[in-house]
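Line order of the protein sequences matches chains A and B. Note that the first sequence covers residues 20 to 271 in the working numbering. Note that the second sequence covers residues 524 to 964 in the working numbering.
I should point out that these hints are in silico values taken from the structure, not numbers from a laboratory. The reader is advised that the hints may include incorrect statements.
[Stated by the list, open to error] Below, in silico cross-link-like pairs of lysine-lysine (DSBU-like), each with a Cα-Cα straight-line distance of 30 Å or less:
| id | chain 1 | residue 1 | chain 2 | residue 2 |
| --- | --- | --- | --- | --- |
| 1 | B | 823 | A | 153 |
| 2 | A | 130 | B | 754 |
| 3 | A | 136 | B | 942 |
| 4 | A | 261 | A | 32 |
| 5 | A | 153 | B | 660 |
| 6 | A | 242 | A | 262 |
| 7 | A | 144 | B | 942 |
| 8 | B | 885 | A | 34 |
| 9 | B | 660 | B | 641 |
| 10 | B | 804 | B | 754 |
| 11 | A | 144 | B | 754 |
| 12 | A | 128 | B | 823 |
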Amino acid sequence: MNPLLNANNLHVKVKNGGEILRGLNLVLNPGEFHVIMGPNGSGKTTLGLTIMGHPNYEITEGKLLFEGEEINELPPDERARRGIFMAFQSPEEIEGVKILDYLRLLLEKVKGVDRLKSHDMVMEKAKEVWFTEKELARDINVGFSGGERKRFEILQALLLDPKLVILDEPDSGVDVDSLSLISLKLHEMQKEGKTILLITHYGRILQHVDPSRVQVHIIKEGKIVMHGREKLVKEIEEKGFKKVFEECGCNE
Amino acid sequence: MSDLTVQDAKSIIEEQIETLKKRNKEPEWVTELRYKGLKAFFEAPHNDPVIKDPLDYIAKAEEEMYPEVKSLDELPPEMLALLDRLGIAEVEKKYIAGLAVQSDTSIVLNDFLKEWRKKGLIMESMEDAVRNHPYMKDLFMRQFNPYESKMAAYHTAVWNGGVFLHVDPGLKVPMPLHLFFLIQNSAMAQAPHIIIDAREGSEVHLIEGCTSPVLVRHSLHLDMSEVYVGKNANVKLSVLQNWPEYVHTRPMTRAIIEENGEFINTTVGLGTGRSNIANPKYIVKEGGYVELNGIILGQKDYYVDLGGEMDLEGQGARGMNASKSVIMDKSTVITRGLIRAKAPKTKGHISCDALILNPEAKMETYPGLASEVDDAELSHEAAIGKIREEELFYLMAHGLKEEEATQLIVKGFVNPLLKDIPLEFVIEIRKIIEMAVSGGM
């Protein structure tokens with residue numbers, strides 16, 4: 020069986036800038052839970068955006084395979100339709116576009132849901148992540164708190180039902196209750212068989228996740244330099260990247 | 524240069540005036556005004572960046588009259604089809620609100636309007652109004668002077684069609700009135716004259732749909748609106764323009780807003796025609812408020828220039844000029860606004876936002892603020908830009924195609940200015956935007 024996602028010797032350059040990913044290898048099999056950690060500027064977000072197909076990130080070498088097919092040149096909407104989803108670290112504000120209208124449009128255009136059913140589907144899933152009917156009349160991300168923004172990303176994942184869920188720091192700037200809810204939703208998504216790629220700095224987001232399932236990868240200067248299990252997260256939280264890199268000889 | 528000599532033009536216009544006079548059996552003062560307009564046409568200044576010679580737009584009158592229509596059922600099938608396309612037929616079915624359809628000089632009223640006539644709401648064709656009400660003399664062409672421009676003069680000479688809307692003091696009309704101009708008898712210039720006379724404490728919302736596809740031969744449209752907002756009255760005038768591409772439009776609007784009156788003027792230029800130049804002017808008395816909301820969809824190589832002058836003459840008067848332009852293809856959109864604070868504690872704000880969807884599209888904005896007092900609050904803001912890449916990526920990453928994402932962003936961009944437009948029309952407007960965006964991509 021093909022891995023769900025296979026990043027093979029990935030070199031990525033940012034438009035008008037330098038190389039950020041320098042030969043990164045990563046294999047995600049269906050149903051696995053992967054955590055990516057690394058210091059600021061190491062390439063974590065770039066990895067997420069590259070998988071999603073951001074036009075500013077160019078793959079100069081290597082291959083990105085999804086379900087065995089190369090997707091290096093595929094536009095982002097095609098990737099989304101194939102089952103790749105990304106929960107953004109700083110989601111965009113889109114003025115004048117009501118959440119309810121937007122989510123129904125997503126269901127109709129991306130999932131082919133009947134217009135008569137899309138309303139109820141949105142309402143049902145919205146409730147799961149604490150959005151009230153009144154809040155759905157607001158504009159996309161405009162005036163949202165940190166927790167609301169991150170919960171709104173999760174809501175889109177619930178509706179689109181992707182195969183691969185990439186989450187870029189879903190725990191940054193979030194209140195404790197929202198964090199716990201997001202963690203719970205991650206656990207549920209994994210139980211449903213979705214593959215998770217979680218970019219984070221902290222272990223707290225893993226509170227509801229089965230630790231034995233978690234695989235951790237540490238990224239440094241555009242390459243994965245360490246692999247481990249859940250306790251590696253704790254080690255990094257305690258010692259910091261600098262010390263851990265010294266101990267593993269990753270600085271050489 | 525036109526093939527017409529000045530003498531030719533003079534005799535053509537004279538002939539038109541005589542035809543209108545006879546056809547409308549109009550009072551003498553109206554005909555006198557027409558001749559004043561004719562005289563002014565040759566003396567008034569002309570300053571138009573697109574129409575270099577107005578004589579080009581003077582055509583010989585042809586004898587071509589459509590039968591008068593008395594009810595909506597009698598409309599020619601092509602006009603019914605048009606109403607249907609605009610969603611008007613649906614609106615009419617669902618709501619008993621006032622729908623009047625004007626085809627040339629006759630006006631078709633529905634039951635709602637007939638019923639409300641008894642309460643003090645008058646909606647009739649301008650030809651009827653000038654015959655029926657002697658006080659029209661104090662309202663008609665009182666806010667314009669034919670000598671101010673050749674366009675104003677030409678309108679004064681040959682105006683035909685248009686509507687008179689009168690609301691008795693204190694009368695509040697609960698639903699928007701819909702007026703649709705479907706102009707078919709097009710031998711003469713299209714020059715409807717509209718007067719809204721909202722008396723003290725009254726409330727009314729008029730939605731004007733100007734559309735005249737395929738049926739029209741004339742390529743110059745010169746409508747003129749005079750709005751009188753009485754003390755404490757609340758008037759909304761929403762104009763939906765959807766012109767075919769061979770039409771040049773020069774809408775002329777003036778309004779006087781009396782003490783504590785409120786006037787919300789929304790203009791949605793979906794199909795702007797080849798060129799559309801407007802500079803509405805508003806005079807605001809003590810405590811009054813005026814708002815001009817302009818939505819402009821610039822397409823092809825069309826030229827759109829939306830101004831808006833507000834004179835805040837009374838203490839505490841306020842003015843707001845907001846425009847949102849979506850500029851595609853090779854179109855040029857200019858927005859300007861001028862707010863003059865002439866009394867203490869007045870407030871004015873101009874905002875111009877534009878989304879440019881094509882590198883060849885052009886946008887210019889010239890906000891103007893002038894204060895004659897030291898305690899006025901005047902401000903302006905402008906933002907011109909492309910659709911942000913990150914915004915587009917966010918939507919595409921969630922599965923929307925580039926076209927779908929762009930449509931969504933554009934609809935969201937104009938949405939705040941559609942707040943006073945009934946939902947049925949907003950839905951239609953959104954459809955038109957979607958089509959335009961797809962066509963422009």
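Status of each hint after checking the structure:
1. B/823 / A/153: 40 Å, violated
2. A/130 / B/754: 55 Å, violated
3. A/136 / B/942: Given pair residue 136 of chain A, residue 942 of chain B holds - Cα atoms ~27 Å apart, limit 30 Å.
4. A/261 / A/32: Holds: residue 261 of chain A and residue 32 of chain A sit about 25 Å apart, inside 30 Å.
5. A/153 / B/660: Status violated; Cα separation ~52 Å.
6. A/242 / A/262: Since the Cα atoms of residue 242 of chain A and residue 262 of chain A sit roughly 18 Å apart, the hinted pair holds (cutoff 30 Å).
7. A/144 / B/942: 29 Å, holds
8. B/885 / A/34: 27 Å, holds
9. B/660 / B/641: Given pair residue 660 of chain B, residue 641 of chain B holds - Cα atoms ~23 Å apart, limit 30 Å.
10. B/804 / B/754: 19 Å, holds
11. A/144 / B/754: 51 Å, violated
12. A/128 / B/823: Holds. Residue 128 of chain A to residue 823 of chain B sits at ~28 Å (cutoff 30 Å).
In summary, the structure is inconsistent with hints 1, 2, 5, 11 from the numbered list given earlier, while agreeing with the others.
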